[in-house]
Amino acid sequence: MKRYLLRRLARGLLILIGVSICSFVLADLARGDFFAEARLNSRISKETIAALREQYGLDRPILWRYAHWLASVFHGDWGFSLSYNMPVGPLLWARMQNTLLLTVSAMLLTWIAAIPLGVWIASTGARVNRLLSWSAVAMLMATPDLLVVLVLELIATHSGLLPLGGMISLEYSQMNVWDRVQDLARHLALPVTALVLSSAPAVVTHTVSAMRETLDSAFIRAANANGLRRGRLLFFHALPAAANPLISLFSLSLGALLSSSLIVESALGWPGLGRLMLEATLQRDGYVVIGVVMLSAAFLVCGTLIGDMLLYWADPRIRRE
Amino acid sequence: MSRRLIPIVWLALLHIAVIGADFFAPYDYTQQNRSMPFAPPTRIHLIDPVSGLLARPFVCESTPVTYVEDCSRRFPIRFFQRRLFGVEEPAVIYLMGSDDFGRDQFSRFLHGGRVSLFAGLLACGISLGIGLLFGAAAGFYRGRLDDFIMGAVELSLALPWLYLLLAARAILPLNTDPSSAFLLIVALVGIVGWARPARLIRGAVLSAREREYVLVARGLGASDAHLLRRHLLPQLGGLLATQASLLIPRYILAEVTLSFLGLGVNEPAASWGNMLAILQRYHVLASYGWMFFPALLLIPTFLSYLALTTAYAPRNQVNHIGALPL
Numbered sequence: 001m002k003r004y005l006l007r008r009l010a011r012g013l014l015i016l017i018g019v020s021i022c023s024f025v026l027a028d029l030a031r032g033d034f035f036a037e038a039r040l041n042s043r044i045s046k047e048t049i050a051a052l053r054e055q056y057g058l059d060r061p062i063l064w065r066y067a068h069w070l071a072s073v074f075h076g077d078w079g080f081s082l083s084y085n086m087p088v089g090p091l092l093w094a095r096m097q098n099t100l101l102l103t104v105s106a107m108l109l110t111w112i113a114a115i116p117l118g119v120w121i122a123s124t125g126a127r128v129n130r131l132l133s134w135s136a137v138a139m140l141m142a143t144p145d146l147l148v149v150l151v152l153e154l155i156a157t158h159s160g161l162l163p164l165g166g167m168i169s170l171e172y173s174q175m176n177v178w179d180r181v182q183d184l185a186r187h188l189a190l191p192v193t194a195l196v197l198s199s200a201p202a203v204v205t206h207t208v209s210a211m212r213e214t215l216d217s218a219f220i221r222a223a224n225a226n227g228l229r230r231g232r233l234l235f236f237h238a239l240p241a242a243a244n245p246l247i248s249l250f251s252l253s254l255g256a257l258l259s260s261s262l263i264v265e266s267a268l269g270w271p272g273l274g275r276l277m278l279e280a281t282l283q284r285d286g287y288v289v290i291g292v293v294m295l296s297a298a299f300l301v302c303g304t305l306i307g308d309m310l311l312y313w314a315d316p317r318i319r320r321e
Numbered sequence: 001m002s003r004r005l006i007p008i009v010w011l012a013l014l015h016i017a018v019i020g021a022d023f024f025a026p027y028d029y030t031q032q033n034r035s036m037p038f039a040p041p042t043r044i045h046l047i048d049p050v051s052g053l054l055a056r057p058f059v060c061e062s063t064p065v066t067y068v069e070d071c072s073r074r075f076p077i078r079f080f081q082r083r084l085f086g087v088e089e090p091a092v093i094y095l096m097g098s099d100d101f102g103r104d105q106f107s108r109f110l111h112g113g114r115v116s117l118f119a120g121l122l123a124c125g126i127s128l129g130i131g132l133l134f135g136a137a138a139g140f141y142r143g144r145l146d147d148f149i150m151g152a153v154e155l156s157l158a159l160p161w162l163y164l165l166l167a168a169r170a171i172l173p174l175n176t177d178p179s180s181a182f183l184l185i186v187a188l189v190g191i192v193g194w195a196r197p198a199r200l201i202r203g204a205v206l207s208a209r210e211r212e213y214v215l216v217a218r219g220l221g222a223s224d225a226h227l228l229r230r231h232l233l234p235q236l237g238g239l240l241a242t243q244a245s246l247l248i249p250r251y252i253l254a255e256v257t258l259s260f261l262g263l264g265v266n267e268p269a270a271s272w273g274n275m276l277a278i279l280q281r282y283h284v285l286a287s288y289g290w291m292f293f294p295a296l297l298l299i300p301t302f303l304s305y306l307a308l309t310t311a312y313a314p315r316n317q318v319n320h321i322g323a324l325p326l
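Protein sequences, first through last, are from chains A and B.
Using this note's numbering, the letters of the first sequence map in sequence onto residues 1 to 321.
Using this note's numbering, the letters of the second sequence map in sequence onto residues 1 to 326.
For the record, the hints were derived by calculation from the structure and aren't laboratory data.
In this text the structure is predicted, and so the values were computed from the model without any measurement.
Take the hints with a grain of salt, since some may be wrong.
Covered stretches of chain B, going by a simulated chain A footprint (3 or more residues, C-beta under 8 Å) [what the hints assert, rightly or not]: (1) 84-93; (2) 158-169; (3) 267-281; (4) 291-297.
Examples of chain B residues lying across from chain A (beta carbon under 10 Å, computed) [said to hold, decoys possible]: (5) L261; (6) L263; (7) A286; (8) P300; (9) L303.
Every residue gets a Cβ at the ideal spot worked out from N, C-alpha and C, and that includes glycine.
Next up, chain A with everything else stripped away, as it sits in the complex (with noise of 0.2 Å):
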């Protein structure tokens, strides 16, 4: 387990270095640079922009500016934002907790409500409960997120009961405890609604399909027929068995953490890496937007490996390899 756990970093950290290499080559085939615009302006001379570019470093060679930007990882600046004027990790920190505040309680919330409904849709007995709930994750499923988001900020704006973007209101420093965190929950209940409409149906197609497969199995008609109650044989002998493709789609949603909520960000105004990755995108600021891909390449590595690990210790059978 050691050997393979440390054979699995490697490879991970080995990713990581050929994503960083890959992202460093596309921004330095980027046509134009930050100063691209200010070089339009008539009242910047050449001098000063050749000055600002030398200051910070664009005009070295690409090489030096990779093992540049390498030592300042280990510093924790990964390298120098220019349109914010700082360095890039206490950004990225920030907009991470941002993100994460985000999309973990949506996951959360997701995987406890699409689990019990998969279970109940594929146990159930009656036709038109089947068809009906079926039909309605089919339809969620090929609703597009962005249809998803817009709907909810209509229904938002029409009954004014939810604030309608940013995460925090303009009081908020000056709130008790209390207050903030409903402050914090007001706003946060639109996104997470659209983030869970969008990626529950997913979990719930593969818990229905899972579990199709294992109460055919033989194991449960003989636990049923020797009575156990539809719950106990539900939860506890039908879902562990059929726990793996869940573990692997858990595993995937892990790893999606930091990339999967940038529609939602951008047109709710959550400020969080999504939103950073597409303004800087749009500014060509260069260091932000190979910080927000190193780092949700990060999470995605993270989460293929935590979810082997999950595997390895769920499933006796992989064990045994």
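Add chain B to chain A, keeping to what the hints say.
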């Protein structure tokens, strides 16, 4: 049978309407009517208000800004006069309402479909093409080549898809004319998504090349090219079809998302994404419900692709349909 027929019919109709947009759309998609911004969908009257009987379909003139119907003069809908249908000025026929410049949303929807639907199709072709090339090569030749290609696959799968798309978009010029923006997006989306099909195709080739008839053919001295062409690639048809019906809607959505965020096809060209972008303004979102039409019509389209995937995928493959996070 209808489970397969309905989606195919819907997709066929949509594609025909989109290809023939110049004929089916009542207006030019750039034609502005500045006096009628955000006009609601035009009501089509079928009943004669005086006699109460069925009449030839007609529309009424409506006042600018307030959009109150004035039915003192009737404007019958004329069919097959250069375009499929239309009405005489000063009346207008906006089936899906109009946008902020008073452009017909229906005409823009049809023309935008050209961009969005074909972006999906072409990008899927690129992805599957690259995937086929590298996947089949890796699975067939094994060895170093396999290691190298699978390393690249792992690397690209470690990158979040949408972020990679954005980062790659950052490299390319933002202010381009619509047709080159379209080609850029198609190429980007297609290339970024190569890894997953490549891995699946490699797996399929890998298992197919160990089959007995392939071994026999090889033993009888068949060349690599012959083996690939006659025995291995024909096995991949089903896999490619299911992958295509999975990838196309994702890629359509990718174009819609990019254009929605302002990184895709720009005005004045229409795409479903940039038609929806106007909903980012709160007053539009809250007051002009008909601006949602392009997004709403995506649902039956995606449902059709979903139905095709589930209808044609082998049972064990259906498992993985939802497992593709953006």
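Structure-based check of all given hints:
1. 84-93: violated (count 0)
2. 158-169: holds (count 11)
3. 267-281: holds (count 3)
4. 291-297: holds (count 3)
5. L261: 6 Å, holds
6. L263: Status holds, d = 7 Å.
7. A286: For A286 of chain B, the interface hint holds, since the closest Cβ of chain A sits about 4 Å away, which is under 10 Å.
8. P300: It holds, given that the least Cβ distance between P300 of chain B and chain A is near 8 Å, below 10 Å.
9. L303: 4 Å, holds
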